[in-house]
Amino acid sequence: MQKFVIYIVLFIFGISYGQNYSTSSFTNPFAQNQFVPNISLIGDFSYVNRNIKDSTYKSLGISGFVHEIFHSHSGHEHAPINAERGFNFNYGELAITSTVDPYFDLVGIFHLTEHDFAIEELYFTTRSLPYNLQLKGGKFLSSIGRINQQHQHYWDFVDIPLVYKVLFGDEGLNEKGVQLTWIAPTSFYLLLGIEVLQGENELSFGYEVVEENGNTIFDKASKPNLYTAIVKSSYDIGNLTLLGGLSYLTGKARFNHLDDEEEPHAFGGDSNIYGIDLTVKYFLDAYRYISVQGEYFYRDLDGKVYKNSNFSNLNKKQGGFYIQTVYRFSQRWRTGFRYDLLNKNEINGQNKPDDLDRYSFMIEFTPSEFSRIRFQYNYDRSKFLEDERKKINEFIVEFNLVIGAHGAHAF
Amino acid sequence: MRVLSILFLILGIILTAKAKINVVTTYPYIKSIVKEIAKDKVNISSLSDGKWDPHFVPERPSLAVKLRNADLLIINGAQLEIGWLPPLLKRANNRKILPGKAGFLDLSTLFELIQKPTTVSRAFGDVHPQGNPHFCLDPVKIPKMAEAIKEKLCILNPKNCSFYQENLKNFEKSWNKHLAKWNEKMKKLQGSSAFEYHRMFDYFFLRYKINVAGILEPFPGIPPTTSHLLELLKLAKSHKISFIAYAVYNPKDPVEFLSKKTGIKAFLLPHDVNSLPQVKDIYSLFDEIVRRLTE
Ligand SMILES: [Zn+2]
Numbered sequence: 001m002q003k004f005v006i007y008i009v010l011f012i013f014g015i016s017y018g019q020n021y022s023t024s025s026f027t028n029p030f031a032q033n034q035f036v037p038n039i040s041l042i043g044d045f046s047y048v049n050r051n052i053k054d055s056t057y058k059s060l061g062i063s064g065f066v067h068e069i070f071h072s073h074s075g076h077e078h079a080p081i082n083a084e085r086g087f088n089f090n091y092g093e094l095a096i097t098s099t100v101d102p103y104f105d106l107v108g109i110f111h112l113t114e115h116d117f118a119i120e121e122l123y124f125t126t127r128s129l130p131y132n133l134q135l136k137g138g139k140f141l142s143s144i145g146r147i148n149q150q151h152q153h154y155w156d157f158v159d160i161p162l163v164y165k166v167l168f169g170d171e172g173l174n175e176k177g178v179q180l181t182w183i184a185p186t187s188f189y190l191l192l193g194i195e196v197l198q199g200e201n202e203l204s205f206g207y208e209v210v211e212e213n214g215n216t217i218f219d220k221a222s223k224p225n226l227y228t229a230i231v232k233s234s235y236d237i238g239n240l241t242l243l244g245g246l247s248y249l250t251g252k253a254r255f256n257h258l259d260d261e262e263e264p265h266a267f268g269g270d271s272n273i274y275g276i277d278l279t280v281k282y283f284l285d286a287y288r289y290i291s292v293q294g295e296y297f298y299r300d301l302d303g304k305v306y307k308n309s310n311f312s313n314l315n316k317k318q319g320g321f322y323i324q325t326v327y328r329f330s331q332r333w334r335t336g337f338r339y340d341l342l343n344k345n346e347i348n349g350q351n352k353p354d355d356l357d358r359y360s361f362m363i364e365f366t367p368s369e370f371s372r373i374r375f376q377y378n379y380d381r382s383k384f385l386e387d388e389r390k391k392i393n394e395f396i397v398e399f400n401l402v403i404g405a406h407g408a409h410a411f
Numbered sequence: 001m002r003v004l005s006i007l008f009l010i011l012g013i014i015l016t017a018k019a020k021i022n023v024v025t026t027y028p029y030i031k032s033i034v035k036e037i038a039k040d041k042v043n044i045s046s047l048s049d050g051k052w053d054p055h056f057v058p059e060r061p062s063l064a065v066k067l068r069n070a071d072l073l074i075i076n077g078a079q080l081e082i083g084w085l086p087p088l089l090k091r092a093n094n095r096k097i098l099p100g101k102a103g104f105l106d107l108s109t110l111f112e113l114i115q116k117p118t119t120v121s122r123a124f125g126d127v128h129p130q131g132n133p134h135f136c137l138d139p140v141k142i143p144k145m146a147e148a149i150k151e152k153l154c155i156l157n158p159k160n161c162s163f164y165q166e167n168l169k170n171f172e173k174s175w176n177k178h179l180a181k182w183n184e185k186m187k188k189l190q191g192s193s194a195f196e197y198h199r200m201f202d203y204f205f206l207r208y209k210i211n212v213a214g215i216l217e218p219f220p221g222i223p224p225t226t227s228h229l230l231e232l233l234k235l236a237k238s239h240k241i242s243f244i245a246y247a248v249y250n251p252k253d254p255v256e257f258l259s260k261k262t263g264i265k266a267f268l269l270p271h272d273v274n275s276l277p278q279v280k281d282i283y284s285l286f287d288e289i290v291r292r293l294t295e
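Residue numbers (this note's numbering), protein chains in the order written: chain A, 1 to 411; chain B, 1 to 295.
Just chain A, same shape as in the assembly (with noise of 0.2 Å):
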């Protein structure tokens, strides 16, 4: 009996003294805390002042581009931020990244709504390509233009410049495909890409077949259906640095309205972009600068209409630009102006409005490099509704802040 109650004594001691040895000195061998990726958080915040009710904001088109600028396509209503009166949470961006292996890197950035989990980007990029060349793959914003591979929090003004807006939609152009970037061997910095991309962008491309009724009216475009081709070069003299960049984007369009309640229709075509940038940036001293920033789209979208059942010829010749300025004038303040002006809208030779523009004033003050607040104002002339035009007054004041370890971002 005693000798059972020594071997129970025993027991638990035995049990609990190799409790306490797993929790004092025992390391999972398999532990792979090291390998934790780089994680950050950011949260973006605003308050709006507009004089327009949201009702009839939502409602507002920019003639001849977007005929309203909320509207839903496959059944997801993707709102602008900022959209309503008062207080927006517009958005939390998770971005996880870390090498994968000798041979690729791999970004992921979701982007977090109030009920929406979206996929923003998810792409590898290689590490070891031969020739310094580097190729990218999977869902990522396109390095056409100047801004649109930027992220929002990274824009100079809270909103996309109207261009971007009536050509690409308010992310930009986001595709899943694939991008061959290569350094030219110059003593100059010249970069030269191309992109092979699905080309699934709601407002100049598309491969979607197009029916009615059973009927093909566009039968499907070949996919992938986007193809871009990118040049960048830049050049320093002293204090100043000179960037400029040219894109080409070439694929077909396929538009499915037949589902509208008012003017069912329907387009199939092509859809080529042009566009044009610039950069000049002169550094005062470490923290102080002064940039002037401008791009430049045009889109010719030619095909067919389909439309009460009857098929029509569609020319769109559009086009417009941005041009900015922005002077960082201490450590924490900075301060912009911009100017946004879509100048082209010519459709099947006759002129629609072409001098839609807006202005924005923006002053922002950064405590941290890691919190930002914003205030801008926007006077914009490029919304109508119906054919009537509604000027715009805008007062934004945006709050974004970053958590963790969020990388520094290229030029």
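Just so you know, the hints here were simulated from the structure itself, not pulled from any lab data. Treat the hints loosely; a few may be bogus.
[Said to hold, decoys possible] In silico DSS-like cross-links for lysine-lysine, where the CA-CA straight-line distance does not exceed 25 Å:
hint, chain 1, residue 1, chain 2, residue 2
1, A, K136, B, K66
2, B, K90, A, K136
3, B, K90, A, K139
[To be verified] Here are a few chain A residues that sit away from chain B, every Cβ distance over 10 Å (derived from the structure):
hint, residue
4, F89
5, G92
6, T113
7, I183
8, I194
9, E263
10, I290
11, K317
12, Q350
13, I363
14, R389
15, K391
16, F395
If you're wondering where the values come from, they're calculated on a predicted model, not measured in any experiment. Just so it is clear, CB atoms sit at the ideal spot from N, CA and C, and this is done for glycine as well.
Chain A is already provided as a structure; the job is to place chain B with the ligand on it using the hints.
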């Protein structure tokens, strides 16, 4: 035949151009040390200019071009470059100089860093989680960096190894001579107290037993606030502060305000080669710091 000879000529030019390896350094001080070891046997360029804030060197595409052509990249490390170098490296698509490759050297791995935080939180500003990365301002550490650079050069360019070895020996000799001179001059500041703008000169002060009594930045990377300056003012009344040290890229106003209110001299100290016109190399970097503090 003529075509062939021209082809060979071109090939020859390419090969001789290739014969010199391209060394890129993140900061000018590293470039200066490489110069002492390699002389004209390699092409050297620095990404940052001494006048910039080393934590945030302005992003310029031309820097990616330098990296594109590099055979060796030498960085300060300890996350001093984290705010600007990674996207450039990614853009340059140069597999030879990625961390872990033969063409990559991180000088911070040579040293035990001071002020390594036990807990890391951004509530304390933009902290350096691996410790204070401004170790290059300790003159005693320079020869060790030179030796590591020599070893790297010997691996990448073995045919000039004995030349590098010779230069290293001469450099060490000459450096120790200078060091003795600086040590002598700095003796009179031993035990004194100073303010500094950022924890930039701590390794130098530690070497010469100068006590850092206060930092103008309330938190790393955050410019001085009035309330924080008033605290320093109070501190200056109860303690004897000999000088305020700041770097060329630090805003002058708060330094001048504090200096005027307290009567403490403010010294603009070079933090890197090329930060001031007279600081042309690694020797004059310390010559100038010592001269400004002791004259
Ligand atoms: Zn620092």
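We went through each hint and held it up to the structure:
{"no.": "1", "hint": "A:K136 / B:K66", "verdict": "holds (22 Å)"}
{"no.": "2", "hint": "B:K90 / A:K136", "verdict": "holds (12 Å)"}
{"no.": "3", "hint": "B:K90 / A:K139", "verdict": "holds (18 Å)"}
{"no.": "4", "hint": "F89", "verdict": "holds (22 Å)"}
{"no.": "5", "hint": "G92", "verdict": "holds (18 Å)"}
{"no.": "6", "hint": "T113", "verdict": "holds (25 Å)"}
{"no.": "7", "hint": "I183", "verdict": "violated (5 Å)"}
{"no.": "8", "hint": "I194", "verdict": "holds (15 Å)"}
{"no.": "9", "hint": "E263", "verdict": "holds (47 Å)"}
{"no.": "10", "hint": "I290", "verdict": "holds (13 Å)"}
{"no.": "11", "hint": "K317", "verdict": "holds (32 Å)"}
{"no.": "12", "hint": "Q350", "verdict": "holds (42 Å)"}
{"no.": "13", "hint": "I363", "verdict": "holds (17 Å)"}
{"no.": "14", "hint": "R389", "verdict": "holds (40 Å)"}
{"no.": "15", "hint": "K391", "verdict": "holds (38 Å)"}
{"no.": "16", "hint": "F395", "verdict": "holds (28 Å)"}
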